[in-house]
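Participant: Listed here are the chains, written in short residue letters.
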Amino acid sequence: MNPDDPQDNPQDNPSNPSSKLKTRREILRQGVLTTVGALGLATGLELLTRRPGMAAAAALAAPSKKIYQGPYDTSEPMSALEDITGYNNYYEFGVEKSDPARNAGKLKTRPWSVVIDGMVKKPQTVDIDTLQSWFPLEDRLYRMRCVEGWSLVIPWMGFPLAALLRRIEPTSKARYVKFTALADPKQMPGVKAGVLDWPYVEGLRLDEAMHPLTLLAVGLEGKILPNQNGAPLRLVVPWKYGFKNIKAITRITLTDKQPTTTWSLIAPDEYGFYANVNPKVDHPRWSQATERRIGELARRPTLPFNGYAEEVAHLYKGMDLRRYF
Amino acid sequence: MPARTAWVSYAATLGALLPLPVLFYDFWTGQLGANPLQRAEQQTGLLALVLLLLSLACTPLRLLASRLGTRLLWPARVRKTLGLTGALYALVHLGIYLLDRGPGLLDFLQDALKRPYITVGLTALLLLIPLVLTSRKDSVRKMGFVRWQALHRLTYLVGALGVLHFWWSVKKDHTESLMAAGVLLVLFALRFLKKTPQLKKQQEEKKFL
Numbered sequence: 001m002n003p004d005d006p007q008d009n010p011q012d013n014p015s016n017p018s019s020k021l022k023t024r025r026e027i028l029r030q031g032v033l034t035t036v037g038a039l040g041l042a043t044g045l046e047l048l049t050r051r052p053g054m055a056a057a058a059a060l061a062a063p064s065k066k067i068y069q070g071p072y073d074t075s076e077p078m079s080a081l082e083d084i085t086g087y088n089n090y091y092e093f094g095v096e097k098s099d100p101a102r103n104a105g106k107l108k109t110r111p112w113s114v115v116i117d118g119m120v121k122k123p124q125t126v127d128i129d130t131l132q133s134w135f136p137l138e139d140r141l142y143r144m145r146c147v148e149g150w151s152l153v154i155p156w157m158g159f160p161l162a163a164l165l166r167r168i169e170p171t172s173k174a175r176y177v178k179f180t181a182l183a184d185p186k187q188m189p190g191v192k193a194g195v196l197d198w199p200y201v202e203g204l205r206l207d208e209a210m211h212p213l214t215l216l217a218v219g220l221e222g223k224i225l226p227n228q229n230g231a232p233l234r235l236v237v238p239w240k241y242g243f244k245n246i247k248a249i250t251r252i253t254l255t256d257k258q259p260t261t262t263w264s265l266i267a268p269d270e271y272g273f274y275a276n277v278n279p280k281v282d283h284p285r286w287s288q289a290t291e292r293r294i295g296e297l298a299r300r301p302t303l304p305f306n307g308y309a310e311e312v313a314h315l316y317k318g319m320d321l322r323r324y325f
Numbered sequence: 326m327p328a329r330t331a332w333v334s335y336a337a338t339l340g341a342l343l344p345l346p347v348l349f350y351d352f353w354t355g356q357l358g359a360n361p362l363q364r365a366e367q368q369t370g371l372l373a374l375v376l377l378l379l380s381l382a383c384t385p386l387r388l389l390a391s392r393l394g395t396r397l398l399w400p401a402r403v404r405k406t407l408g409l410t411g412a413l414y415a416l417v418h419l420g421i422y423l424l425d426r427g428p429g430l431l432d433f434l435q436d437a438l439k440r441p442y443i444t445v446g447l448t449a450l451l452l453l454i455p456l457v458l459t460s461r462k463d464s465v466r467k468m469g470f471v472r473w474q475a476l477h478r479l480t481y482l483v484g485a486l487g488v489l490h491f492w493w494s495v496k497k498d499h500t501e502s503l504m505a506a507g508v509l510l511v512l513f514a515l516r517f518l519k520k521t522p523q524l525k526k527q528q529e530e531k532k533f534l
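Just so you know, the sequences run in chain order A and B.
Quick note: the first sequence uses the numbering used here, first residue 1, plus one each step.
Quick note: the second sequence uses the numbering used here, first residue 326, plus one each step.
Next up, chain B with everything else stripped away, as it sits in the complex:
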């Protein structure tokens, strides 16, 4: 990574992680309201979804820029960071949920099968695991670019399941979950933008690494 833009990925890592200590601070100082566990659960869930959507936005943003004749490099630099921190928040979200509902792993598994919104949320989280495991530097080379890319298209499925999980968990006001769904649809549509010849060539070369 060139030195001049190294700050982008540091900034993304730090910035994405900062809400976590803020959440702890709010919890510690009683600023999470009357039902702190529920609030923390909602916030980490939302953080996970927002970060995953942001990471999904990186490639379309680059495609869009390239169509407009500019070469954007920074989105690609932060994509992995955003995805990994999103997965981290999803894990914390599950942790708080387990803490909230109390002990009993068997009960939890029953709950996960019985309640569609939990099934969907848990599926999204499980699908994140292979993505996290193949986020290492050498994963692309080991897997081959085509297979790696195919696997990582799962993020769209994770995003869709995340939005559905959000939608089902809300009692009535669907404004936020609809907004998330809208963003996801736009991002997905942008993926169908044709690549510029230059971008295409670069990617063709990668396949044979």
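So here's chain A without its partners, still in its complex pose:
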């Protein structure tokens, strides 16, 4: 009981003639008020604390051309399509995992042009449909590990970034590839809200970009990429944390300097340029030793380079991966 309250001691309070319920009408009144009050408080609490659920799985449209089977499929089972399209980070559309599926529908992905510039012999602006017609499209089932400690197995469709780079011919000075995403406040509520420094920028070292695992994705499970997953063009680097995989790419620039990437600008101590999946290097605020595969309740150990160590570890030979995290 509350000591501040005079009514806790009925004898102190002349306005309190009785402490017993007297009539049936009074009991009824108390019951109704209790119910209404309880429901009111519960509703208020739910509104303040309950998170929005998932949107329905996106209906994907099939592309017109033949798809090849990529060489690097994992043998692990693919995640549920509704989790892949309904649970992801895409801050341009909001910070909740369910926001991208909810808000990305209005994004116009056609017409869409990609600027290719910087230290290349063939700088150009190319339409997305032309761009993807240059290369055979492949299916690739990759693991995706988010820096937050969850993972998915995603059937991307796309073409190796290396194929594009060979075509546009980087000059001998080029050492990095910088990617810039669309940042349109009219179509993207998160950009309007200003959560990050827009546009989203990511980057790779040229040898990472040329690695055959590195994919430019335009589709999912053999169909056109849903907007919430980064349509019409996104990067997929499966041995790095998910935030490296920039979505809705509008510009690809070859440079001689390491690009300043969005997350490393905001929290340089937490999100490095390399962002290689590494169970031994913790995020300052949480361990990276384990992860939750979405759809499973127990956590599983995280693998070095997200299980792609055999293919990519040599890229970082001699580097201190604690320093270059």
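Do not rely on the hints blindly, as some may be mistaken.
As the list claims (entries may be wrong) - Simulated pairs of lysine-lysine, PhoX-like, Cα-Cα distance not exceeding 25 Å: (1) 439(B) <-> 186(A); (2) 257(A) <-> 192(A); (3) 280(A) <-> 497(B); (4) 280(A) <-> 462(B); (5) 106(A) <-> 22(A); (6) 173(A) <-> 317(A); (7) 439(B) <-> 497(B); (8) 496(B) <-> 192(A); (9) 186(A) <-> 106(A); (10) 122(A) <-> 173(A); (11) 186(A) <-> 108(A); (12) 280(A) <-> 496(B); (13) 280(A) <-> 108(A); (14) 257(A) <-> 121(A); (15) 462(B) <-> 497(B); (16) 317(A) <-> 280(A); (17) 173(A) <-> 108(A); (18) 497(B) <-> 192(A).
Derived by calculation from the structure, the hints in this document are not laboratory data.
Take the given structure of chain A and dock chain B to it, following the hints.
Facilitator: Chain B in isolation, oriented as in the chain A frame:
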């Protein structure tokens, strides 16, 4: 407690507890999304913080009302309920966290020391224990009002640690944790409102119970 307002505390108890079965129902029916444990963890954490802030709002609300010339009695009736249910959600929150990170008490203790946001959250939860233990009807009399009141001012510290824990656990969007911090600051500022002579007198009397 007078019969005419008895419903307030029943309503507060029931209303504060209802989100728990709703959470179970959502879990059972798969409505917690792709990462249900994490969602449940976030919701119970937020429920704990909101309820603790609501319980902290009771006394300032009464002070404010008394300054404005009205005597509000219901806030004092629900303060304890809100605080206790807040502590309950904090405990469930810790339970889900432990379930989420898997077995290993030693690992957990290491984690708690290594990661500031867990240290802070755990400290807040530990500080709630003496408050819960002294929430019985006879605790005030046994301890004496002044000591009891001093101890229960810890709720402000718990609130502040809770907000800090929330802030540190979020990757980027601090809207909600900032709002919680704002509410806490306003509540704390309101505590410095001068008491009306009437309220003061009542409280003076209590000290000698």
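Participant: Evaluate each hint against the coordinates.
Facilitator: We went through each hint and held it up to the structure:
no. : hint              : verdict
1   : 439(B) <-> 186(A) : violated, 43 Å
2   : 257(A) <-> 192(A) : violated, 30 Å
3   : 280(A) <-> 497(B) : holds, 23 Å
4   : 280(A) <-> 462(B) : violated, 51 Å
5   : 106(A) <-> 22(A)  : violated, 61 Å
6   : 173(A) <-> 317(A) : holds, 22 Å
7   : 439(B) <-> 497(B) : holds, 21 Å
8   : 496(B) <-> 192(A) : holds, 19 Å
9   : 186(A) <-> 106(A) : holds, 10 Å
10  : 122(A) <-> 173(A) : holds, 14 Å
11  : 186(A) <-> 108(A) : holds, 11 Å
12  : 280(A) <-> 496(B) : holds, 20 Å
13  : 280(A) <-> 108(A) : violated, 41 Å
14  : 257(A) <-> 121(A) : holds, 18 Å
15  : 462(B) <-> 497(B) : violated, 43 Å
16  : 317(A) <-> 280(A) : holds, 16 Å
17  : 173(A) <-> 108(A) : violated, 35 Å
18  : 497(B) <-> 192(A) : holds, 16 Å
Hint check: violations occur at hints 1, 2, 4, 5, 13, 15 and 17; the rest are consistent with the structure.
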